[in-house]
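Asker: For reference, the chains in residue letters:
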Amino acid sequence: MLTLNNIGHDALGTVVKLPGLGIKGESVSAHMAKFDLAFSFRESRGPQGTPDGIHGSLEFAADIFEPASAKAIADRLVRLLDAVITDPDRPVDRAEILDPAERNELVNLRNDTAAVYPSESSVHALFEEQAARTPDAVAVVTADEELTYQQLNARANRLAHQLLRLGLPPEGRIAVLQERSSDLVVSSLAILKAGGAYVPLDPNQPAARSTWILQDTAATALLTDRPENHLGFPVHIPVLRIDQNTPSPGNQPDTNPAVRTNAEQIAYVMYTSGSTGTPKGVTNTHHNVVHLAADHYWRTGNHDRVLMHSPYAFDASTFEIWTPLLTGGRIVTAPPGHLTPTDFANTITRHGVTALFVSAGYFRVLAEERPECFTGIREIWAGGDIVSPTAVHRVRQACPGITVANEYGPTETTVFSSVNPITPNDPQPHGTVPIGRPLWNTRLYVLDTNLQPVPPGTGGELYIAGSGLARGYLNRPELTAHRFIADPHGTPGTRMYRTGDLVRWRHDGQLEFLGRVDDQIKLRGFRVEPAEIEAVLATHPAITQASVILREDQPGDKRLVAYTVTKRPVSQEALRAHVGSQLPEYMVPAAFIALDTLPLTLNGKLDRRALPAPDYGDRTTGRPPRTPREEILCGLYADILHLPQVTIDDNFFQLGGDSIMSIQLVARARRAGLELSVRDVFQHKTVAALATVVTEAPETPVEAAGAGVGPMPLTPIMRQWLERGGPVGQYNQSRLVQVPAGLDGQALVSAVQAVLDGHDALRARLSRNGQEQFLDIAPRGAVSADACVSRVDAAQLDDAARRALIAEETSAARQRLDATRGELTQFVWFDQGASAPGLLLVLIHHLAVDGVSWRILVPDLAEAYREAQSGRVPDLPPVGTSMRGWALALAEAAVQPKWAGQTAFWRDMLGGPAMPLGGRPLDAERDVRDNAGHLSLRLPVAVTEAVLTRVPQVFHAEVNDVLLAAFTLAWARWRRGGGGGGGGGGDSVLLDLEGHGREESVSPGADLSRTVGWFTSHHPIRLDTGLGDEREIAEALAGGPAAGSVLKHVKERLRAVPDKGMGYGLVRYRNPQAAAEFAGLPVPEVSFNYLGRFTTAAAEDAGTFRAPDWTELNSAGGFGASDPRMPMAYKVDLVARTQDGPRGPQLTASWSWPRGLLDEADVQRLARLWFDALEGLTEHARQPDAGGMTPSDVSLSLLDQSEIEQLESDWRELS
Amino acid sequence: MSTNPFEDPEGTYLVLVNDEGQHSLWPTFVEVPAGWQVALEESSHEAALKFVEDNWTDMRPKSLVAAMEGEGSDTPAN
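These protein sequence lines are chains A and B, in that order.
Per numbering that gives the first Met the number 0, the first sequence starts with residue 0, numbered consecutively.
Per numbering that gives the first Met the number 0, the second sequence starts with residue 0, numbered consecutively.
For the record, the hints were derived by calculation from the structure and aren't laboratory data.
Backbone N, C-alpha and C fix where the C-beta goes; we use that ideal spot for every residue, glycine too.
Accuracy of the hints is not assured; some may be wrong.
[To be verified] A partial selection of chain B residues facing chain A, derived with a Cβ cut-off under 8 Å:
no., residue
1, P4
2, Q21
3, W55
[What the hints assert, rightly or not] Subject to a maximum C-alpha distance of 25 Å in a straight line, what follows is the list of computed SDA-like cross-link-like pairs (lysine to any residue):
no., chain 1, residue 1, chain 2, residue 2
4, B, K49, B, F5
5, A, K1059, A, G1187
6, B, K61, A, V258
7, B, K49, A, T277
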C-alpha cells in the first residue's frame, strides 16, 4: 500500500473553515497495521509554498517483519531514490539498492570459505600416500570380502599397468559397467592411476544410451563384470572383464604406476539429462574431487565408515568412494540393487556404517517406512531434491544422536555446494529445511537479472563459484560457455556456474531453495529435462506433438506424465516401450495421455492447468484377488499407488509405480508377513505373478488387525522368572526422561493414551487358568491414561530435596503396580515449572518391557506428545508382529524338531560339576534384594579402548568374547585361591548369558522392530580356560601367550552355541516333554551381562537446558524402583556397560550378590581379578605375534586350532 | 522473475575469453568483468554460441595444455 499526501497538514485549515474555530491537522496513529507494508508520504512546503521535502513513513505488520528488516526496506527505498536522482538516465533496475556493508556481507563474508587442501595433488597420489601411512587399515568391505589399503592399492596398480599397456593416453576415457562391488572401487582407482578418466555406465540404462555415451566420450576401453554377450550393446573397443572369477592380472606389477597426472586433468565424466534431447557429460577434474573429499570435515570420526549404495553413474558415488579413501576411512559396499529398509538396517549394523548419503525421495520413504533403519549412523547427508522436514523429524526421533545434513549441489560443481547439518542439539526445522551455507572453497551468489546480488529474503538465481567448478561439458563448448560464465564478483578471470535454481538468503545466513527458473525437474534425486523425453517421444512415427510435465496429484507423490497428439491411436504400452528403449527408467513417464490438441494459453504457451490428471484407476481392468495372499498384495498396491482398488492383473509400473515405491511395497509386505525383494517386483510386476514367488512363513500367519489382543502364552523368559518365586506384582523397569519446561499436562495424557493404545503389551494382565499362567491382552482403549499419569510439583527444589522427592514418588509408583490386575504402567511428571525442564518417571512392569522396548517407547511418547500439543490426535506408526503373535509362534516352534532337537545339547551344557558357591543354595526368603551387596568399579579409559577395539580386532573376536575370556580366567584364579568359599567344581564356571531375544529367524516373516514387550532370552554356558596349571594361569594374567590361548578357547566355546542360545528357553520353558529332562541338573549361579556402549546425557545435565528434551537420563533403579522383597536370581550378578564420556569410553562393572552368602572382600577380589585379566589380554594383544584366527573363522572348518596356528606361523616366516 | 540474462533469444551478447582460453557468453548490457577479454563483439544469441563452438576447440585450460605438453605427451583434444 502506498499513499501520497500532497495536501499538507495546514491545507486542512484552508479547506474547512468554521466561524470562530481555528482548524489544524494532526496525525493520528491507529496502532494497527492494515497492510503487511504501508508506505505513506507527505509533502511539506515552506512558508511561501516552496517545496520542503517529503516525509515518508513505513507501517509494517509486526507478525511478518522484524523491525530491522522493515528498516532495511525503508533504507533501500531511500538509497534507490538517491541513485535515481543522481543518475536519472540509468535504468531503474540497474540502480544499487544494497549498502556497501550489505553487499560485502552477501558477496564476501558469507562466502569466506577458503580452506587449505592439496590443490595440486591428483586423487590417486593422495590415496597412495594414505595407503603408505595406513597399509593395514581396511579400505573396502563388502558382504564377503575385506581389502586393506595396501591390498586395494596393489590390485588397482595391477589393473592400471594393464590399462597402460593398452596405450591409454592422458585423460583417455574408460567406460565402466559394473555392479556395486570392491572391484568397482578397484576399477575407478586403476583408471585414475593410469592417467585416464572413468565414465560410469548405468547397468539399468537402455542400450541405446550406453552406445551413445561410448561414442560421445570416444572411450578407449570398457571395464565390465559381464560376459561380452550380456552387454546388450555392441562395442568396438577392448573389453576387460573384471569379476570374482577372473582376478585382476597377476602378471602385472603391483607397484604404483607413477604416471604424472596434473590436478586439472579430468577424473570422470558423468551424464545428466540435457534439454536439447541428448544427455550432457560433465567433466570433473582431480582438483574438484580433492577439494571435496580431502577436507577436514570428514575427519571427525562421523565419516569413518561410509556406505556405498548410490548408483555409480550418479555423482553421489564421488562422495561414497573418494571421501573415505582420501581420509583413511572405510567404504562399506552395499549389496547390488535397490536397498530395502531391512537391507539398510542389516548393512549398517553388520559393518558399523557411520555415514551415508541418500537422495531426498529415498530418505522420505525410508523415514516413513522404517526410520530406525538408520540406527548406528552418526551423520546422514540427504539432498538432490527438497528434503521433507517430517522425514527429518522422524529420523531424528528414531535415531537420537544422528546428524541429518541437508545438502545441495549440482554435478557441475562436484556433488555438494552447500550444506545444513542439523545436529542432535539443533531444533527441529519448521516449514522448509534450508539448504544451508556454502561448502568449503565455495562461493554462492544469489543474483538478479543484472547479475547483481539481491537483498536477503528476496528470490534470485543461484550462481556457484569455487574449487568444485567442473571443467565443463564434454565436447560441448557452446553449452559450457552458456552455463559456466565469467564471475563478476570473484577473482578476476574466474568462472561461475549458473544453476537455474531459485533461492533466497535467510537472515541467519542460510539459503532456502524456492524452485526452478526453467522446466528442469528433480525426480528421485535425478535431474530430468522434460525436453529430453519430449525429443525421444517426437521420434515415434505416430506422434506429432508431445509434452511432458511432472505432476504431484497426491502430496509427495511426483510422477512424470506425457501428453501426446498422435496421427493414429498408439497404446500406452507401445509408447512406454519406445521411451524405455532410449532413456533410463526414472525418465519413463508413468502415464501417456492422448489429446486431440495440446491446450494453449492466450500467449501461446502450454496451458498446464488445462491438462487432465491421469486416471490410473481406469487401467485396473483385471481379475479380483483369489487368495488371501493376493488380497494382501492388492491392498498394498492400492495403498502405495493411491488407487481405490487394484486387480491381480494390473502392472505395478503401468499404474505409476517406480523404484522408490517398490521399496515401499517390499517394506510393507514384510510387515504383513510376506517376503519379497525389489527384484521380484521388477520381474513380476502384477499381483498374480508376484503372489507365486513371495514366501510367507507357514507358522506366521499374516497378522490381522486385533491379532495382538486376547490370551497369550508366556514367553520362556516370563516362565523362568515366575519359577524363581517371590512377589510378582511390582517387578519393573523404569526410566527418568527429561521433558520440556512447562509441559502441557493434557497433551501428556493424550500422548500416554496413544502409547497405551499402540503397544498391546502395556495392556496385559497376568492371569491364571488352573495351573497355567498366561497374559491376557485387553483391547485398545481398555486402559485409560488418566489412571496412569500423575503430576508432582517439583519446582524450586534443591538437588537433595529433588532426589528425595523422586525416590519417594518412585517407590510409591512402584507400589501402585499390580500385574494381576493389569496395572502395569505409571507415569509421574515432576513439574519444575515453566522455567526449567521437567522430569518424567516412566515405570512399567517387566512383563511388558525389556531394554530394547525403551528405544521404541520413549521416542513414541515424544512424537505423540508433539502431535497432541499441536492439536492433532496422535497416530503412532503401526507395529509389525505383536507380542502375542510372537509368543504364539515361540510356543509352536518349541515343539518342532529343529528346536526340540537341541535338548541334549543344553542338558550337556548344564551337566558337569556343580559349584556350591557359598556352601548353600539361594533362599528365596532370605536372599532378597534388600539383603544384596553392591559394588561398582570402572576400568581405565585406555584399557577400555583396547578391549573395545584392538583386542577383538587382533583375535577376530567380539567384545563379549574378550570380556568373557577375562572373566573365565579371573574365575579360575579366584576359585583356586579359595574365592566363593572354596569347594570343588574345578576351573570351569557355569554362567547365565542374556540376549535381547528378538531373533526374528525363529519365526520367518516376523518383524519385531517396533514391538514392545519382554523378549529377553537367557542361556547357560560352561566356560573354562583350557589352561593346565597355576603357572599358565599366572602367565595369562600377566599378558603372556597363555592369555591368547584362553581367548581363543573361550571364543570357540561361545561360537559353538546354536542360534544365539534361543533354543534353551524354548526347550526348557516351552516344551513340557523336553523340560522334564532338565530335572535335577545344576542351574547357573553366576550371571554375566554386557549391555554395550551408551552415550547418555551427562548426569550433571539432567533437568537443565543442556540436555535435550525427551532424553533418557537414567534408570530409576537407584530411586526405589526395585522391590526390596524380590529374591535374587544369582549368587554373583555382573552387569557391565561402556559409557562414552568426555575423556573416552569407560567400562563400568556393577556386581551384586547376596550378603548372606558371600562377603564383600571376596567379591572385590574377583572384581579386581577380572580387570587384571582384561589388562593382561590388552597387554598380550600388543605383542606382534598375538591374535589370529580360530576354526569358526575358517568357513570350511577342516582345520583345528593347532593347524591354524601352524599355518599362521609359517605365513609369518614367509612374509 | 524475468528471464535469465543468458536466455534471451532476442538479446545481444558478447563472447568473453580469459587467460586459460575459457569462453563465456556475456550479455552486452552488463559490464565486462575483470580478467576477461572480448573475443566477439555484440552479436545475436545464436551467432555468439556458434562462435564459441567454432573457436573453443580444446576445452582444456591453457596452463594444463602447457604442463602436459611440457612433459612431451601427445594428448587428444576434447
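Asker: Quickly compare the C-alpha distance for K61/B and V258/A to 25 Å and report which way the hint goes.
Answerer: Given that 25 Å is the threshold and the Cα spacing comes to 21 Å, the pair holds.
Asker: Is K49/B close enough to F5/B, meaning Cα to Cα at most 25 Å?
Answerer: OK: K49/B and F5/B at ~15 Å, within 25 Å.
Asker: Regarding the pair K1059/A and G1187/A, is the alpha-carbon distance no greater than 25 Å?
Answerer: holds, 23 Å
Asker: With the threshold set at 25 Å, check whether the alpha-carbon distance from K49/B to T277/A stays at or below it.
Answerer: holds, 18 Å
Asker: Have a go at the P4/B hint: is there a Cβ in chain A nearer than 8 Å to its own Cβ?
Answerer: Holds: closest Cβ of chain A sits about 5 Å from P4/B, inside 8 Å.
Asker: Does Q21/B meet its interface restraint, that is, does its C-beta lie within less than 8 Å of any C-beta in chain A?
Answerer: Hint holds; Q21/B Cβ to chain A Cβ min 6 Å, cut 8 Å.
Asker: Can W55/B be said to touch chain A, with a Cβ gap under 8 Å?
Answerer: Given a least distance of 4 Å, the restraint on W55/B holds.
Against the hints set out earlier in the document, no violation occurs for any number.
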